[in-house]
Structure formats: C-alpha cells, structure tokens
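Chains A and B supply the protein sequences, listed in that same order.
Residue 135 in this note's numbering is what sits at position 135 of the first sequence, and the numbering runs on without skipping anything.
Residue 67 in this note's numbering is what sits at position 67 of the second sequence, and the numbering runs on without skipping anything.
Mixed in with the good hints, there may be bad ones.
To be verified - In silico lysine-lysine, PhoX-like type, Cα no more than 25 Å apart, as pairs: (1) Lys57/B x Lys127/B; (2) Lys73/A x Lys127/B; (3) Lys97/B x Lys73/A; (4) Lys57/B x Lys97/B.
The set of hints was computed from the structure by calculation and includes no laboratory data.
Since the model is a prediction, treat every value here as computed from it, not as a measurement.
The lines below spell out each chain.
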Amino acid sequence: MERTRLRRQVALTRQSLFDQGFLDEQFIQLEDLQDDANPNFVEEVVTLYYRDSARLITNIEKALEKNSLDFNKLDGFMHQFKGSSSSIGAKKVKAECTLFREYCRAGNGEGCTRTFQQIKKEYATLKRKLEAYFQVVRQAGPAETACWPK
Amino acid sequence: MATSNGSSTGTKITALVVDDDRVINAIHCKLLNKLGIENHVAANGKEAVDLHCSGKKFDLILMDRDMPIMNGIEATRELRAMGVRSIIVGVSTRSIKQEIQEFMDSGLDDYQEKPLTSSKVISILRKIDFVD
Numbered sequence: 001m002e003r004t005r006l007r008r009q010v011a012l013t014r015q016s017l018f019d020q021g022f023l024d025e026q027f028i029q030l031e032d033l034q035d036d037a038n039p040n041f042v043e044e045v046v047t048l049y050y051r052d053s054a055r056l057i058t059n060i061e062k063a064l065e066k067n068s069l070d071f072n073k074l075d076g077f078m079h080q081f082k083g084s085s086s087s088i089g090a091k092k093v094k095a096e097c098t099l100f101r102e103y104c105r106a107g108n109g110e111g112c113t114r115t116f117q118q119i120k121k122e123y124a125t126l127k128r129k130l131e132a133y134f135q136v137v138r139q140a141g142p143a144e145t146a147c148w149p150k
Numbered sequence: 001m002a003t004s005n006g007s008s009t010g011t012k013i014t015a016l017v018v019d020d021d022r023v024i025n026a027i028h029c030k031l032l033n034k035l036g037i038e039n040h041v042a043a044n045g046k047e048a049v050d051l052h053c054s055g056k057k058f059d060l061i062l063m064d065r066d067m068p069i070m071n072g073i074e075a076t077r078e079l080r081a082m083g084v085r086s087i088i089v090g091v092s093t094r095s096i097k098q099e100i101q102e103f104m105d106s107g108l109d110d111y112q113e114k115p116l117t118s119s120k121v122i123s124i125l126r127k128i129d130f131v132d
C-alpha cells in the first residue's frame, strides 16, 4: 500500500512539474535515456547541471556588477547557460534566458539585471522542486525509474 | 562531402563528442552508448585536434560550435586540413542561417540543433549509411 502511495506521489509530482511549466519535452528525452545500466541517469544529469551552472551564474553576476556592461560577454555567458538549461528541459529558466539575451542585444542593462533576478529565482525554484521529486523517486524504489507515460 | 575512414576498432562505430558543456556530453554520450556506439569526449576543439594528432580516429565527430581555447569552426578546419575524413556533424543551439552556414563551410558534413535526440542521431547514421 505504501509503495502504491509513493508511486502515485511520484506520478503526481512529475506531472505537476510539466503542468506548471517548469519542465518541457527535453526532460522526457532524459528519462528515455535512463536504463538498468544507469538507473539514476536523470538525477545525475540534473545534479551535474546545477553543479556546473553555478560557475556561470557567478560569472554573469560579476559581469553585471561592472560600471560599464559588456553586453557581448554577458550574451556569451547566457548563451552557454541557456544551452545547458535547455538540455535538462528547464522550460521557465530557458524562457528567461531568451529574454535576457534580447535585453543584451538591445543594450538594456536594467532589463538584463531585472531578468537575471528572475532567472535566479526560477533556477532556485526548479532546483527545490527537482530535489523534492528525486527524493520521492528514491523512496518509491527502482521501479519508478523505468518507462514513464508520455 | 567527406567519407568515413571506417571504424578503428573492428565493426563497432566510434564517435567523438566535442563540447565544453559536461551536461551535454553526458547526454550525448548516453544517447550514443544506447545506440551501441563507442564514444569518447573532448572538452574543446584543441583537445579534439590533439586526439587526432596522437593517432586516434573516429567514424563520427559531434562538434559543438562555441567552445573555449578552440571553437568548433576552427577545430573542424584544422581537422580537415590534417586530412581527417571522419563524418563531422556540427551541433549547436544557434539557429541563424548565416551562423549555421559559416559552421557548415568550415568542413561539416551535417548540422543539427542540440540537444540531440535518438531520432536525430539515427537520421545522421542513416545519412552516412551506418544503419538501414
């Protein structure tokens, strides 16, 4: 009964991440790559994303602190961050990255700063939600790392 | 269009994933692995060139465009100048036609937007007659 409850919780938590727009189709691609050889592949990739992207966040923060903004540099950092975020299906983060890059192209420093705050918010929110999701997945056991309904 | 050297290790297809993004490398390597392709990783264009200078050969190279030290355009030009005839597929998030063409002109056989999916990789392999 407990296992059934946990499985239901996994399914509901997962669905809410898509319904609320936090994740897109790319996350399903990651799930499809998960198998018996790598039963925690999705969690490992997401963990790697948050570990590696922290450096990019810091770089962007430092670049935004300068008196004279280098929009080419900012755009370069964000291009990288957006690519990485897209690869795990981070839909809201990706959308804010696109907006940031538009502000870069327009040379709008205030827009960049404002959007970056939103990026950090979405990035942190997604991290919390995915951590909670993976915790339930682990509790539910290995069966939940198999094929997902599309 | 370049043609493949053929596998350097019997009949198994070998691939080199060239990207500075470790997340992308993890995803693309897993994708290739699931398709039975033996894969290696280089973190930038210079590492890819150095691997070839050391005598390594690959049937397929997935080349990112934007990388530090040596980008994908420079690396592809260098590899072709060295006489590397592997299939080189450019992968990038760039979607502007001019930028894609600039990358293609460096010596690519194909270009795909990343992240790659199984169907994109299969279509690459079909184009180069590695699968039916």
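Outcome of the hint check:
For the given pair, Lys57/B sits about 20 Å from Lys127/B by alpha-carbon distance, which is consistent with the 25 Å threshold. Proposed proximity of Lys73/A and Lys127/B is contradicted: the alpha carbons are some 37 Å apart, above 25 Å. At roughly 22 Å between alpha-carbon atoms, Lys97/B and Lys73/A fall within 25 Å of each other, so this suggested pair holds. Between Lys57/B and Lys97/B, the direct Cα distance comes to roughly 30 Å. Violation of the 25 Å bound is thereby established for this hinted pair.
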